[in-house]
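Asker: Listed here are the chains, written in short residue letters.
Protein chains: 2
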Amino acid sequence: MAENIEKPYVVGMDIGGTNTVFGIVDSRGNVLASDSIKTQQHEDVNEYVEAVCAKLVPMIEQFGGPSKIKGMGVGAPNGNYYSGTIEFAPNLPWKGVIPLAAMFEERLGVPTALTNDANAAAIGEMTYGAARGMKDFIMITLGTGVGSGIVINGQLVYGHDGFAGELGHVMVEKDGRICGCGRKGCLETYCSATGVARTAREFLVARSEPSLLRNVPAEEIQSKDVYDAAVKGDKLAQDIFQFTGDMLGRALANFIAFSSPEAIILFGGLAKSGDYIMKPIQKAMEDNVLNIYKGKTKLLLSQLKDADAAVLGASALGWEVKES
Amino acid sequence: MAENIEKPYVVGMDIGGTNTVFGIVDSRGNVLASDSIKTQQHEDVNEYVEAVCAKLVPMIEQFGGPSKIKGMGVGAPNGNYYSGTIEFAPNLPWKGVIPLAAMFEERLGVPTALTNDANAAAIGEMTYGAARGMKDFIMITLGTGVGSGIVINGQLVYGHDGFAGELGHVMVEKDGRICGCGRKGCLETYCSATGVARTAREFLVARSEPSLLRNVPAEEIQSKDVYDAAVKGDKLAQDIFQFTGDMLGRALANFIAFSSPEAIILFGGLAKSGDYIMKPIQKAMEDNVLNIYKGKTKLLLSQLKDADAAVLGASALGWEVKES
Chain R
1 MAENIEKPYV VGMDIGGTNT VFGIVDSRGN VLASDSIKTQ QHEDVNEYVE
51 AVCAKLVPMI EQFGGPSKIK GMGVGAPNGN YYSGTIEFAP NLPWKGVIPL
101 AAMFEERLGV PTALTNDANA AAIGEMTYGA ARGMKDFIMI TLGTGVGSGI
151 VINGQLVYGH DGFAGELGHV MVEKDGRICG CGRKGCLETY CSATGVARTA
201 REFLVARSEP SLLRNVPAEE IQSKDVYDAA VKGDKLAQDI FQFTGDMLGR
251 ALANFIAFSS PEAIILFGGL AKSGDYIMKP IQKAMEDNVL NIYKGKTKLL
301 LSQLKDADAA VLGASALGWE VKES
Chain G
325 MAENIEKPYV VGMDIGGTNT VFGIVDSRGN VLASDSIKTQ QHEDVNEYVE
375 AVCAKLVPMI EQFGGPSKIK GMGVGAPNGN YYSGTIEFAP NLPWKGVIPL
425 AAMFEERLGV PTALTNDANA AAIGEMTYGA ARGMKDFIMI TLGTGVGSGI
475 VINGQLVYGH DGFAGELGHV MVEKDGRICG CGRKGCLETY CSATGVARTA
525 REFLVARSEP SLLRNVPAEE IQSKDVYDAA VKGDKLAQDI FQFTGDMLGR
575 ALANFIAFSS PEAIILFGGL AKSGDYIMKP IQKAMEDNVL NIYKGKTKLL
625 LSQLKDADAA VLGASALGWE VKES
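Chains R and G are the protein sequences, given in the same order. Per our numbering, residue 1 is the first one in the first sequence, and the count goes up by one each step. Per our numbering, residue 325 is the first one in the second sequence, and the count goes up by one each step.
These are computed hints drawn from the structure, not numbers from a lab. None of these values were measured; they are calculated from a predicted model. Some hints here could point you the wrong way.
[What the hints assert, rightly or not] For lysine-lysine, the following DSBU-like pairs were computed, each having C-alpha atoms within a straight-line distance of at most 35 Å:
hint, chain 1, residue 1, chain 2, residue 2
1, R, Lys294, G, Lys419
2, G, Lys459, R, Lys95
3, G, Lys556, R, Lys294
4, R, Lys294, R, Lys232
5, G, Lys548, R, Lys135
6, G, Lys508, R, Lys95
With the hints as constraints, model all of the structure from the sequences given.
Answerer: Rendered as structure tokens:
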């Protein structure tokens, strides 16, 4: 981003299904202040904007007011960069097409851009994290779902309609697991945190060996339980990560054939399961990638600090907003 | 491309495993002259360059000499745009890394750029064909193999190493058909002309119904035979196209999740099998694409004239070459 002495700060905001987190960030990626509200408590989007601003306006004033803010970046599920709208996001309370960037821009007097959360993470990684200096990389976010942000020639890929980069919904298994999107076999049904829990339940039924996971009621198993069991040497839990990593690594090998990125960067809770998942991902990726790409694409972990990552990622977009 | 009164022409050259075709092209995409040599007859690459130049130099002189040529574009298998080299191309007689762009540039005195043949086709389509005015599209070439050229934000996607866009080697079937690349289940083992012939042989063994294709010795079946039989109402032949189109359409649905292109443009013999293949492709693509993309991405046929397409595609790159 360009250093800007007159406007030294940006605002970052991440809209999640549960929480909306926002904060003030400086050009070095320090989150100077942050706060949050509950997203679901505001069924009317105007009320929601007011609830955010009730906390955000005083925060901005504390740093010198809107004239000190270069821009605001918003990351949101189904966020469209071109239109600044959120469109039919299944986990948010507002239906239809919501012109959220324009609403905040008008209310705050700060130029505002919006994109989906995984794209925001990719821009954050390029600005402050593991992708600094890279022009070609793919960000994969492994959370409740699987998201992605693709950077080619130093630019985020938005596609002709603003919705490019939904790699969590690449179909990796014909007639595979049913996905929340209504289709079958999407990557996210296997390689998200919920996908790992699903694999655990399947393995526990299909196999009869003892496992620490049998102490957890099947319906309540979470990917964290699988990790805890794997650390304790539980073979079945380790095999779950092996299976998950293999699925993801194969998918990554296909993604490489598309854009031949310098790196694939993994972000989110699952990526922190260490070698249990990283080794099988790396192996499956290298084993399955076309010869000309072998050994070329780095598999990296996000370098954004956990607590700040959502705000940081979105804020990075704030440096690029054009005043309208 | 920029109209250039002082340098009104470009040279296009397509290097295939069998023939090398080259010609002079004007800014409207007219191929003003063209000729060819046999690629395989020249095992020494220096001799090969001389053999091309023996025909190409007089051709260039006919149009006013090198000073009238804006640039030369070369399309070649495994061609790398960044380095101007051909690297380990399995179907070409020269082994290792061949600095072909530099060799022609020195010999002809014309700035030369090189890329792989499918990328050249994409640039040609953007300059003269169905993708005029488009900033986001994917070109799929259906020939002996399956190639691709991806355009995002108006730029060809080369990736960090110059080798992006090998969609023919995306794995569409786990443990599927063995591919020439040494891996299994690549798109090209199903959806190329040779893939169609392979499907025909499989179907003829697996099914017992009568078919016109049973009149052709199994080893000699070509995709053209399948087309001819399909036109005559042969159910088995039509089912082969159905199977092929379904495989390709599913793959295209995944590609859309990557770059959300305005159009996917099909090029090559197989694409000319009309509704027999286009309908199943279109249906599988729409049935399998994520909701947010439905009905948005056009499926188009190349508009480059057949005889000229290879030279035209490569020549389009000639308008973009920078003088070194």
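Asker: It remains to establish, for every hint, whether it holds in the given structure.
Answerer: Each hint, compared with the structure:
no.: 1; hint: Lys294(R) to Lys419(G); result: holds (19 Å)
no.: 2; hint: Lys459(G) to Lys95(R); result: holds (30 Å)
no.: 3; hint: Lys556(G) to Lys294(R); result: violated (46 Å)
no.: 4; hint: Lys294(R) to Lys232(R); result: holds (34 Å)
no.: 5; hint: Lys548(G) to Lys135(R); result: violated (43 Å)
no.: 6; hint: Lys508(G) to Lys95(R); result: violated (44 Å)
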